[in-house]
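Visitor: Single-letter residue listing:
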Amino acid sequence: MSADLMFDLTVFVLSLLVGFEVISKVPATLHTPLMSGANSIHGIVLVGAMLIAGTAHGPAGYLLAFVAMAFATANVVGGYVVTDRMLGMFRARTPQPRQRSEDPA
Amino acid sequence: MSAFDTATRLVYLAAAAGFVLGLHLMNSPATARRGNQLSAAAMAVAVLVTGAVLIHDDSITAVGVVVLLAGAAFGGAVGLYAARGVAMTAMPQLVSLFNAVGGAAAALLAVNDLTDGTSAGTSVAVTAALDILIGTVTFTGSLIAAGKLQGWIPSQPLVFPGARALTGVLAAGFLGGGCWLVAAPGDRVALVLLVLCGLGFGVTMVLPIGGADMPVVISLLNAFTGTAVAMAGFVLANPVLIIAGALVGASGTILTKLMADAMNRSIPSIIVGGFGTGDAP
Numbered sequence: 001m002s003a004d005l006m007f008d009l010t011v012f013v014l015s016l017l018v019g020f021e022v023i024s025k026v027p028a029t030l031h032t033p034l035m036s037g038a039n040s041i042h043g044i045v046l047v048g049a050m051l052i053a054g055t056a057h058g059p060a061g062y063l064l065a066f067v068a069m070a071f072a073t074a075n076v077v078g079g080y081v082v083t084d085r086m087l088g089m090f091r092a093r094t095p096q097p098r099q100r101s102e103d104p105a
Numbered sequence: 001m002s003a004f005d006t007a008t009r010l011v012y013l014a015a016a017a018g019f020v021l022g023l024h025l026m027n028s029p030a031t032a033r034r035g036n037q038l039s040a041a042a043m044a045v046a047v048l049v050t051g052a053v054l055i056h057d058d059s060i061t062a063v064g065v066v067v068l069l070a071g072a073a074f075g076g077a078v079g080l081y082a083a084r085g086v087a088m089t090a091m092p093q094l095v096s097l098f099n100a101v102g103g104a105a106a107a108l109l110a111v112n113d114l115t116d117g118t119s120a121g122t123s124v125a126v127t128a129a130l131d132i133l134i135g136t137v138t139f140t141g142s143l144i145a146a147g148k149l150q151g152w153i154p155s156q157p158l159v160f161p162g163a164r165a166l167t168g169v170l171a172a173g174f175l176g177g178g179c180w181l182v183a184a185p186g187d188r189v190a191l192v193l194l195v196l197c198g199l200g201f202g203v204t205m206v207l208p209i210g211g212a213d214m215p216v217v218i219s220l221l222n223a224f225t226g227t228a229v230a231m232a233g234f235v236l237a238n239p240v241l242i243i244a245g246a247l248v249g250a251s252g253t254i255l256t257k258l259m260a261d262a263m264n265r266s267i268p269s270i271i272v273g274g275f276g277t278g279d280a281p
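In order, the protein sequence lines correspond to chains W and S.
At position 91 of the first sequence (counting the first as 1) the number is 91 in the working numbering, and the numbers step up by one without a gap.
At position 240 of the second sequence (counting the first as 1) the number is 240 in the working numbering, and the numbers step up by one without a gap.
Hints in this document: simulated from the structure, not taken from any laboratory.
Every residue gets a Cβ at the ideal spot worked out from N, C-alpha and C, and that includes glycine.
Where hints are given, some of them may not hold.
[What the hints assert, rightly or not] Simulated DEER-style distance windows between Cβ atoms:
1) W:THR29 - S:ASP57: 16 to 26 Å
2) W:GLU21 - S:ALA73: 34 to 44 Å
3) W:LEU9 - S:MET88: 39 to 49 Å
4) S:VAL189 - W:LEU5: 23 to 33 Å
5) S:ALA3 - W:PHE90: 41 to 51 Å
6) W:THR10 - S:GLY121: 17 to 27 Å
7) S:SER2 - W:SER2: 20 to 30 Å
8) W:GLU21 - S:VAL272: 47 to 57 Å
9) S:LEU10 - W:ARG85: 30 to 40 Å
10) S:LEU175 - W:PHE7: 23 to 33 Å
11) S:SER266 - W:GLU21: 32 to 42 Å
[Claimed, not checked] Just a sample of chain S residues kept apart from chain W, beta carbon distances all over 12 Å, derived:
12) LEU158
13) VAL169
14) ALA171
15) TRP180
16) ALA183
17) ASP187
18) GLY200
One chain only, chain W, in its complex shape:
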């Protein structure tokens, strides 16, 4: 086992532990936005797609790179926009009860 692989494995295991800890008691209303947010984070595969486009040569390589780029970019762009839209609904709703309670006072 090479030193590089050992280092990568260390990073992987520690990141797994961080991932287990970073989600704690999430209210049920946030489950879907959180899933969508995590979905956009794994769009980091776009970085990998860019790197293989950088080394691509020959028609097969270019085709793979194109499909990987298109898929990964759709994941990133769509993922963040749709998560933001979901969370935008939350923001719009929370101030309303406050205003109502202030009105009669």
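On the provided structure of chain W, position chain S as indicated by the hints.
Guide: Quick look at chain S alone, frame taken from chain W:
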């Protein structure tokens, strides 16, 4: 390590920290939107610095630049159009579709690595085989899950005679294909066997699950994609892919458990499927 190398590594590290903090902020409704924006900013930084790496390396061909930009423009336009135009009620299936393409992209990275002519070492072949397997399973699995939620596929649990046996055969197929691929990286027959069995397994895994359980299944497949991306990080030796992928893989698993608990269901009973909870008559 050159100064440029150091700088890019540090920026990747900052991006990875941004993902962790962004995900953490999404735990509470008050900070959730800020968390998503932080994570999006980290993503933008990671993509920009990768662009800088490509320019600095100067090994990308002119066709490669066109392929990169065309792919990004096409995927970005489709993603943006779908995300902006989707009805609020159709969001879970759209997330599932984005998850499907993310998993497929991760699998393609490993396919590219195994077929580009350079001989891969054993440890790379192991992670590449895992990447292809998990990526292909999430691709078709997420497509089926989205189809069930959208109503294109009947949302009742679909169990046909011999389905369990077929699942077993596909599992044996990808185990065999995976081991073969590790023994002989670059073998096209083993690669095709692994890809086809992975794609088939994704279908037979999700079809017997009822539509009401789909959100939990999508969350589970989301965690799968995270793991596939981490495996792609091993293949490409890129720490930011490993960190972000493992982060999503682990937090997605916890989230799947939370969602199943909230619905009074256990994950094993959902995966076994066949439980009549379809929402269609």
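Visitor: Out of the numbered hints, which ones does the structure contradict?
Guide: As far as the earlier hints go, 1, 8 and 11 are violated by this structure, in ascending order.
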